[in-house]
Amino acid sequence: MRRFSLIAVPYLWLLALFLVPFLIVIKISLSDVAYASPPYVPQLDLTQGWAGLHDFFAALDFENFAFLTTDALYWKAYLSSLKIALVATALTALVGYPVAYGMARAPQEWRPTLLMLVILPFWTSFLIRVYSWMGILSNEGVLNQVLLATGIISEPLQIMNTNTAVYIGIVYTYLPFMVLPIYAALEKLDESLLEAAEDLGCSRLAAFWLVTFPLSRGGIVAGCFLVFIPAIGEFVIPSLLGGSDTLMIGKVLWEEFFSNTDWPVASAVAVILLALLIIPIVLFQRHEEKEREANR
Amino acid sequence: MRRFSWFNVTSLTLGFAFLYLPMVLLVVYSFNESRLVTVWAGFSTKWYGELLQNEEFLDAALVTLKVGLMSSTLATILGTMAAYVLVRAGRFRGRTLFSGMIYAPLVMPEVITGLSLLLLFIGIGLDRGVLTIVLAHTTFSMCYVSVVVSSRLSSFDTSLEEAALDLGASPFEAFRLVTLPIIAPAVISGWLLAFTLSLDDLVIASFTTGPSATTLPIKIFSAVRLGVSPEINALSTILIGIVTVGVISASLITKRAAVRQAREEQAAVRS
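For the record, the sequence lines run as chains A and P. Each residue of the first sequence is one higher than the last, beginning at 1 in this note's numbering. Each residue of the second sequence is one higher than the last, beginning at 1 in this note's numbering.
Accuracy of the hints is not assured; some may be wrong.
Calculated Cβ distances over 12 angstroms to all of chain A for the following chain P residues [to be verified]:
| # | residue |
| --- | --- |
| 1 | Asn8 |
| 2 | Thr10 |
| 3 | Lys46 |
| 4 | Glu50 |
| 5 | Leu52 |
| 6 | Thr138 |
| 7 | Ser146 |
| 8 | Pro181 |
| 9 | Pro185 |
| 10 | Leu192 |
| 11 | Ser251 |
| 12 | Ala262 |
| 13 | Arg263 |
| 14 | Glu265 |
| 15 | Arg270 |
Residues on chain A that point at chain P, a partial pick, calculated with CB under 8 angstroms [stated by the list, open to error]:
| # | residue |
| --- | --- |
| 16 | Arg2 |
| 17 | Leu6 |
| 18 | Pro10 |
| 19 | Leu115 |
| 20 | Leu117 |
| 21 | Trp123 |
| 22 | Leu127 |
| 23 | Tyr131 |
| 24 | Trp133 |
| 25 | Met134 |
| 26 | Val142 |
| 27 | Phe213 |
| 28 | Pro214 |
| 29 | Gly218 |
Simulated from the structure, these hints should not be mistaken for lab results. By construction, the Cβ of each residue, glycine as well, lies at the ideal position given by its N, Cα and C atoms.
Turn these sequences into a full structure, and let the hints guide you.
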């Protein structure tokens, strides 16, 4: 009995507040928009018994999904979310790898401090970290002032409200997600392998490419998934740093819901976004399982 | 003895400069006299004064704190239960669905979580406000708590619990007297994680709140949408300061506890 209630409490909570809401999203994505409150039809009317249930299901259709395929805005938003997430993930890996490498090669007694310095930003508000770039990148911002004062440029650079600013924002906020798995992979690397490679006549650079890099690939892949998956649905970064032409699907969903109050279309956007995410999520889980088995 | 190589020093310096310079600049400019954030006009603390007189921000901070405390406590209880079920309850019908529902919210985009909960609350006619934000935050942060707690639970020796049961403890007593003290550090870090997640959240709170409750991130977001503002810099500085002090003291406390535990274990072995 006690075991039953132990299972039932968290189970029912998640059913009611995670699974059911999600089913509602799917249902509304198949409904039609209406000028009513709530602004969609049909409503499930159980007072009419089976006839009501039948009418309810008969009124559902895939119109909203068909609409999403006809309006170029949604296609472009999906594609540009994918592109921005991909490019930003690659940039994060390029920035994160040297940092993780430096940490793993630092003297032993320094590593806990360095690790804490990487984790500390995690605890700081995401919103504030994104906001901190607004003062740097704007036309009168710190970056432009420094560049103008040193004479490198004569006109302020327009970075704020462009995709470049979005890339910088994603790299900045997701960097710890990339650094930590790469660091974990590099830290457990057996150094006698490198010594062996050098003894056998490898240059240091060749030893890096032939030994260190392939052995850290698991960490890089994990880091890339950890950046790519949340970056696709990102809302805060494109809406604060991006411009009006920065299309990202999280932003489109938000605007569809709050500005256009088209709930059925917003729900359809959410369903497709999730369908897109399932592929990388499944790949990521496979990767993690493979790593776990390799470590056994 | 290993030393830093010049390459490693350069990459670490550049990396950490990138991570910390934006926040340092934010702190520096919060003490700027001028309203134009980018023009330095001398040292001043006047924005902190204006911030403390801004009742909207104080109200929002109060709401955020209330939501954070309630949701993180609820999430810790539910998440610890869920972790216990995942690690110790063995097989039961619907276990796969259960573990799926624990892990899915971790990768679910916030916009979808927010949208789906809002549609639920409207569907069942629940007035949106503090209560609905607490429900929403509890739901996603209990999953983080259960991941943290279950990794601790699965790494410790079940024979300790079995010994307690053999010696006549009831299952609940065994949990309270043996299991809980061992997993306590994970439960505490789970609570802290849930609390920070709740304080941080903008997207889910924006979807699930009503006109009666505005949290600090919602307030900050609507203020900075229009551009950089010195009050927000001051507010950010205060928040960064709290987090830094909190994280550093927490790590010092855990370090000291670990040292003490190691010493006690050694003493126990010797005697």
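Hints and how they fare:
1. Asn8: Nearest chain A Cβ is 4 angstroms from Asn8 of chain P, so the label is violated.
2. Thr10: Thr10 of chain P not clear of chain A: closest Cβ-Cβ about 8 angstroms, inside 12 angstroms.
3. Lys46: holds, 18 angstroms
4. Glu50: Non-interface label on Glu50 of chain P holds, nearest chain A Cβ at 18 angstroms vs cutoff 12 angstroms.
5. Leu52: Given a closest Cβ separation of 18 angstroms, the condition holds.
6. Thr138: violated, 8 angstroms
7. Ser146: Violated, because the least Cβ-Cβ distance between Ser146 of chain P and chain A comes to about 8 angstroms, which does not exceed 12 angstroms.
8. Pro181: Consistent with the label, Pro181 of chain P stays out of reach of chain A, its closest Cβ about 19 angstroms off (over 12 angstroms).
9. Pro185: Given a closest Cβ separation of 16 angstroms, the condition holds.
10. Leu192: violated, 8 angstroms
11. Ser251: violated, 6 angstroms
12. Ala262: holds, 15 angstroms
13. Arg263: holds, 19 angstroms
14. Glu265: holds, 21 angstroms
15. Arg270: holds, 27 angstroms
16. Arg2: holds, 7 angstroms
17. Leu6: holds, 6 angstroms
18. Pro10: Holds: closest Cβ of chain P sits about 4 angstroms from Pro10 of chain A, inside 8 angstroms.
19. Leu115: violated, 10 angstroms
20. Leu117: holds, 6 angstroms
21. Trp123: Hint holds; Trp123 of chain A Cβ to chain P Cβ min 5 angstroms, cut 8 angstroms.
22. Leu127: Since chain P brings a Cβ to about 5 angstroms from Leu127 of chain A, closer than 8 angstroms, the hint holds.
23. Tyr131: holds, 5 angstroms
24. Trp133: holds, 6 angstroms
25. Met134: holds, 5 angstroms
26. Val142: holds, 6 angstroms
27. Phe213: Interface hint status for Phe213 of chain A: violated (15 angstroms vs cutoff 8 angstroms).
28. Pro214: violated, 20 angstroms
29. Gly218: violated, 19 angstroms
When each numbered hint is compared with the structure, violations occur for hints 1, 2, 6, 7, 10, 11, 19, 27, 28 and 29.
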